[in-house]
Amino acid sequence: MNWLLKGARVVDPAAKVDAVGDVLVKDGKIARVGGSIPPDNAKVLDLAGKIVAPGFIDMHVHLREPGREDEETMETGSAAAAAGGFTSIAVMPNTDPWNDNQGITEYIVSQAKERATVNVFPIGCISKQGKGEELAEIGDMVKSGIVAVSDDGHPVSSSHLMRMALEYTKIFDIAVIDHCEERTLSHGGVMHEGYHSTVLGLRGVPAASEDIMVARDCILAEMTGGRIHIAHLSTQRSLDLIRRAKAAGIRATCEVTPHHLALTDAAVVHSGYDTNTKMNPPLREEADRLALLTGIEDGTVDAIASDHAPHNPVEKEMEFDQAPFGILGLETAVSIALDRLLHAGRVDLHRLIALFTTGPARILNLPRGTLAIGASADITVLDLDKRVEVRVSEFRSKSRNAPYDGWQLKGAPILTLVGGRMAFDGRS
Amino acid sequence: MTPEAGFRLRHKHLLGIEPLESDEIRLILDTAESFLEISKRPIKKVPTLRGRTIVNLFMEPSTRTRSSFEIAQKRLSADSLNLAASSSSVSKGESLVDTARNLEAMAPDVIVLRHPAAGAPHLLSKVCRASIVNAGDGAHEHPTQALLDAFTMRQKKGRIEGLEVAIVGDLLHSRVVRSNIFLLRKLGAKVRVSGPPTLVPPGLEKLDVAVETQMDAALEGADVVMMLRVQKERMVHGAFPSLREYFHLYGLTFERLRQAKPDAIVMHPGPMNRGVEIAADVADGSTSVILEQVTNGVAVRMAVLYLLSGGAVGELAA
Chain E
1 MNWLLKGARV VDPAAKVDAV GDVLVKDGKI ARVGGSIPPD NAKVLDLAGK
51 IVAPGFIDMH VHLREPGRED EETMETGSAA AAAGGFTSIA VMPNTDPWND
101 NQGITEYIVS QAKERATVNV FPIGCISKQG KGEELAEIGD MVKSGIVAVS
151 DDGHPVSSSH LMRMALEYTK IFDIAVIDHC EERTLSHGGV MHEGYHSTVL
201 GLRGVPAASE DIMVARDCIL AEMTGGRIHI AHLSTQRSLD LIRRAKAAGI
251 RATCEVTPHH LALTDAAVVH SGYDTNTKMN PPLREEADRL ALLTGIEDGT
301 VDAIASDHAP HNPVEKEMEF DQAPFGILGL ETAVSIALDR LLHAGRVDLH
351 RLIALFTTGP ARILNLPRGT LAIGASADIT VLDLDKRVEV RVSEFRSKSR
401 NAPYDGWQLK GAPILTLVGG RMAFDGRS
Chain Y
1 MTPEAGFRLR HKHLLGIEPL ESDEIRLILD TAESFLEISK RPIKKVPTLR
51 GRTIVNLFME PSTRTRSSFE IAQKRLSADS LNLAASSSSV SKGESLVDTA
101 RNLEAMAPDV IVLRHPAAGA PHLLSKVCRA SIVNAGDGAH EHPTQALLDA
151 FTMRQKKGRI EGLEVAIVGD LLHSRVVRSN IFLLRKLGAK VRVSGPPTLV
201 PPGLEKLDVA VETQMDAALE GADVVMMLRV QKERMVHGAF PSLREYFHLY
251 GLTFERLRQA KPDAIVMHPG PMNRGVEIAA DVADGSTSVI LEQVTNGVAV
301 RMAVLYLLSG GAVGELAA
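So the sequences go chain by chain: E and Y. Note that our numbering has the first sequence beginning at 1, numbered continuously upward. Note that our numbering has the second sequence beginning at 1, numbered continuously upward.
In isolation and in its complexed conformation, chain Y is listed as follows (with noise of 0.2 Å):
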């Protein structure tokens, strides 16, 4: 199944899981296999992206993503620029076409953006001549989250296609969830969801997907269960009553965690909050793979990083 040598991406910016062709995602897949090695070993560096300008343009607080970018980038050998900017850009009074054309004067080969507004990577990418990589844009997409999640789920259960993966948490602002619907479903995984209907978004069940209510029905059988981030601001919202609550009907514990596969998998894309979607014990536990997720995330964005600046399969500097 290895692609043929000289394939490479025929997209030159990753703005989502969604416009990308399966034999894409299997390249970045398998690209960043490769990579994972450079990691393990004493000297972490090689010399592949020597010369190349990278900004990280990060208009919404992150930690992991941008730390994890940050070190694919060194390890690559790039030159990289971070810029961390308040969420509104208009309170500042530069509009974000406006940034991004004062990055573009500094020629930058790659911009890799996080943002809070769904869409903000694709006005960037009809203004800019660099490649976009979009580390998040609202509830729209985190490409580079599904990307690592799909390489740890193949790292742990040996293939995608026919793996059952129950995905959990708030659906409605999770773009971690749509990135992975549309990963898992083009590479033949099946995906139930669920969560609270008051943060469902409509529709979601054209992306072929099942959409449970009840939490135990969608872990049933489950290989992975992959549980998502819930924000406090949303209870204030309206959307559950309380934290405590939401625990008790969404939260994953050992008990629940019954209901999957014996040697089913936990994942989370963190930040976790420990006793509101995820029992403390689970996400330390032998079945979880929450840090293994963290160290994949850096070999898969270096994948993504040299595949964008024109690497193909069987060209990688050693």
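Here chain E stands alone, though its shape is the one from the complex (with noise of 0.2 Å):
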């Protein structure tokens, strides 16, 4: 199927483009942007007053297959994504069995291609099942299609192991993804340790076990040449820390989340112990939220990722010790994103857009976030005006650990092409 969309401001930041216009696709691909085009046999959609931007990347998500379809599927996880406005997810290795081998990445390609309404690019382990022991073996998974490596979910404690996969991962030119955690001090914690933990009586992660992992994974770059990725970084001297890496010269990016950006630990507290107030790295404080904001604003943040991490509910209506770390993020990231970034005057549409598209698709050595000619048509269509209350008993994700529920946000994703096809359709 040919698409016209028609009258829509098209806000493409790789082309720097950012005016009222036509957009068609044909055959999948992005066939002419710009003026008034006809619409030659193409059905036409009529977008005048929305934004089209090129397709969304959510550059953090666990799909939980193989191994947890209890949790999430293909189908489920790639429906919320392209309700939530992705067109591509880059999923992480930390299913049942990880994925550190090519068997398993050619198994969840073949999988998403078969399932998937969304483009899903996996991403590899480090280590041989996430250990932290031996490197996986990564050219493999290059070779079938991982565009990055990481042991999220766990840290890579050591430091000799990180320095192996900094300068490994130079053969291929792909991003060491890490989740920065030093377990020696996080150990037990199950929210950011300050003043609330302290009346909570709650163990606490202290931010500086989060800052110690993000300092040494610096330095190990800037010694190897490799490319360090920061996932989900959430205080204040972590980014300061990359904000200086950056500065120096030293190949080292990072993501936010949008629970990071739009909630502090004071969430477990009037919550009363909601266990979907619970993730790793936890909740932090309103300093560490708005330094992530002046992130957010002056471009040390290269990307927002949801951190989507879908959980049974059996699992997570526990005591708040016991409960598994992580939230869904999917169907929400670009609504909180819209709302209190764009609306709260923090970032112009541009740089919003550009957190969503060309920021992980340069991370991730993806040729996506850019309605080029010729570019796979993945297309993410914004209404900045559609007000939207969270109904969390609606989400397409087959879990709903998720604190948002009645949240009342301004801007939201209403439509989502991937290569051509429509995977999501919610004007009203």
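Since the hints were made in silico from the structure, they are not lab data. The beta-carbon is built from N, C-alpha and C at its ideal position, and this holds for glycine as well. Heads up, some of the hints might be wrong.
[Stated by the list, open to error] Label-pair distances were calculated between CB atoms; the ranges are:
(1) T253/Y with E167/E: 34 to 44 Å
(2) R258/Y with E133/E: 56 to 66 Å
(3) E75/E with G51/Y: 47 to 57 Å
(4) A84/Y with E133/E: 55 to 65 Å
(5) S34/Y with V314/E: 44 to 54 Å
(6) G345/E with R64/Y: 55 to 65 Å
(7) R391/E with E21/Y: 32 to 42 Å
(8) V314/E with T287/Y: 49 to 59 Å
(9) E167/E with P19/Y: 49 to 59 Å
(10) P313/E with K74/Y: 33 to 43 Å
(11) K12/Y with E75/E: 35 to 45 Å
[What the hints assert, rightly or not] From chain E, some residues computed to sit far from chain Y (all C-beta separations above 10 Å):
(12) D96
(13) I104
(14) R203
(15) A248
(16) G249
[Stated by the list, open to error] From the structure, some residues in chain E lie toward chain Y, with a derived Cβ separation under 7 Å:
(17) G7
(18) L200
(19) G272
(20) E319
(21) D321
Hints are included, so try docking the two chains, each in its own frame, into the full complex.
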């Protein structure tokens, strides 16, 4: 099916385009952009007043397949992504079994091709079984389609292994994504260490646990010339370390999550120990949240990523100490960003779209996140004025673990095209 | 200062001291006075809670608190059921929520919960119709302990307001210290705390208490000295090098007690480690009120159960 997206404001940070005009999609590719284009057998989508952007990329998703299909599947995860405005997702390797070899990578790629409605890009393990001991066969996995490596869920505790990973991945020019956590400091912690953990009597995870590893990773990236990417960066000091590393020419990048931008550790108090406020890294203090917003504004932050982490309700409805870490994010990330960043005056639309497109595309070496002629027709359409109330019970995700139920947000994705196919149509 | 007749608690549950208003705390303490008298009678039983069902769900070992609640229930003529479960409900295959729903199906009026995880009573209060009484949740709160401590201070000192209270020990893992700080600040006492810096949680000073690294500084001029239990496993986690050294730095001796006021009382929530946080002679000395705390615990718990069951001032059955 060919589409003519008519009359929207087209914003493409990759091409520095921002103008009202049409976009023609032909045979799954971008065929023409700008001006008034005749329909010529294409199906016309009237999008006056809306925003047409390159397809959004969520570079940090736990799809749970293979192994935990009770929590999320190719079908439900990709439907959630499409409804959330994402045309591409990069999926973390901490599945069961871990994606640490070519066989699993090929399985994920083939299943995604068959069953997913968005592009799925696997991330491979740094180490065999994510154990942090020996390198996984990264070269094999690259051949089969991984776009980066990470032991996410686990930090890379061995500095030697991290050094080896940063050096070895130079062969393939891919990023090493680290979940930064110094475990001897975070051991047993379930929320951010500070005043609120003291009052609630919960074991704390100090900010230093993250900061020490971010500092180590930057030092090793400088030493090796490798590419380090910090997953879900959450503290003021870590952000500052990345800012300084970038200024020094170190190949370091970072992502932040919508929940660390929108919430603080006070949410654990106000929700009365709701386990949907438990994630790793934990919700931090207001000073950290404000620092992340500054990092979004000044360009230190490269991408917004959801860290979408579905959990079975039986496992999440537990004592706070025992519940697993993580919350859903695919279906709320874009609305939270539009409401809390764009409408709050923190960033302009260009920068906001870049955080979801060129930012992650560059880190993952994806030829996406652009409306260039001939590029795959991955398109996200936004309605900046649409008011939404989050209803967790209506999520397309198979899981329900999100702290946003009832939130009123301004701005939402309303249409998603993936390779010219309509993956989501939320126009009302 | 006695509350007006008919005054009731504004809360259905006792999840902690933090949510209570000072008049509610006074109501509980005043009500406990009446129940203390019952415990001194030859026949220590009143029909106040006849026909009410109370479940004592203890998912962590406890002797003192559990028997205190149980005696309180018997003296009020309530029907009670004791359930002791392994601390890890997961290892038994049933979640806390499932356990609670099963209990709920038997329509108890009150569930008394002791649990190793902070916030477990809050979880229960979201899925149960029964009133939940927190009998200690992880390092969060132990509200009935703080109430009986306050009751004892008031009994010995005639007031709470203006008292200088020193609390010494493992502040990081103690639910007793948190509940006591909330209660004592609400009723106008001044609180100083002391313990090894490795066992002081961050931000404690924001609760309007003086945090002293040196024990003597905390004791100076105190009316009340409350010692907290030190658990041996904390040593293993590296918070201090040996029990011996702990005692030298933070153990209460008569020598140290001289820093406090001459008429200062010594308290301990139990169970005590003699020779670790408190010298045996101090624990057994004339300034110690440790066993009176236990006696008062029954009266305070009777008051809590009575008030949560809808009781009010002036309606107490004799």
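Results of checking the hints against the structure:
At about 59 Å, the beta-carbon gap between T253/Y and E167/E misses the expected band of 34 to 44 Å. At about 58 Å, the beta-carbon gap between R258/Y and E133/E stays in the expected band of 56 to 66 Å. Range check, E75/E to G51/Y: about 54 Å between beta-carbon atoms, so the 47 to 57 Å window is met. Look at A84/Y against E133/E: about 42 Å separates their beta carbons, and that is not inside 55 to 65 Å.
Roughly 45 Å separates the CB atoms of S34/Y and V314/E, a value that falls within the hinted 44 to 54 Å. Take G345/E and R64/Y: their Cβ atoms lie about 57 Å apart, and the range 55 to 65 Å holds. Separation of R391/E from E21/Y is about 36 Å and conforms to the stated range, judged on CB atoms against 32 to 42 Å. Separation of V314/E from T287/Y is about 52 Å and conforms to the stated range, judged on CB atoms against 49 to 59 Å.
In this structure the hint that E167/E and P19/Y lie 49 to 59 Å apart at CB holds, the actual value being about 55 Å. Here the CB-CB span from P313/E to K74/Y is close to 39 Å, well matched to the stated 33 to 43 Å. Checked against the given bound of 35 to 45 Å, the beta carbons of K12/Y and E75/E, roughly 43 Å apart, stay inside it. No Cβ of chain Y approaches the Cβ of D96/E within 10 Å, the least distance being about 19 Å, so the stated non-interface status holds.
The claim that I104/E is not at the interface with chain Y holds, since no C-beta of that chain comes within 10 Å of its own (minimum 29 Å). Distance check on R203/E: its Cβ comes as close as 8 Å (rounded) to a Cβ of chain Y, failing to clear the 10 Å threshold; non-interface status is violated. With a minimum CB-CB distance of about 32 Å to chain Y, A248/E clears the 10 Å threshold, and the non-interface call stands. Every beta carbon of chain Y lies more than 10 Å from that of G249/E, the smallest distance being close to 36 Å; the non-interface claim holds.
Evaluation of the G7/E hint against chain Y yields a violated restraint, the C-beta minimum of about 49 Å exceeding 7 Å. A cut of 7 Å between beta carbons decides the hint on L200/E: the least distance to chain Y is about 6 Å, and the hint holds. Look at G272/E: its Cβ gets to within about 5 Å of chain Y, closer than 7 Å, so that hint holds up. Of the supplied interface hints, the one on E319/E holds, with its beta-carbon coming within about 4 Å of a beta-carbon of chain Y, less than 7 Å.
This hint holds: D321/E has a C-beta 4 Å from the nearest C-beta of chain Y, less than the 7 Å allowed.
Of the numbered hints given earlier, the model fails hints 1, 4, 14 and 17; all others are met.
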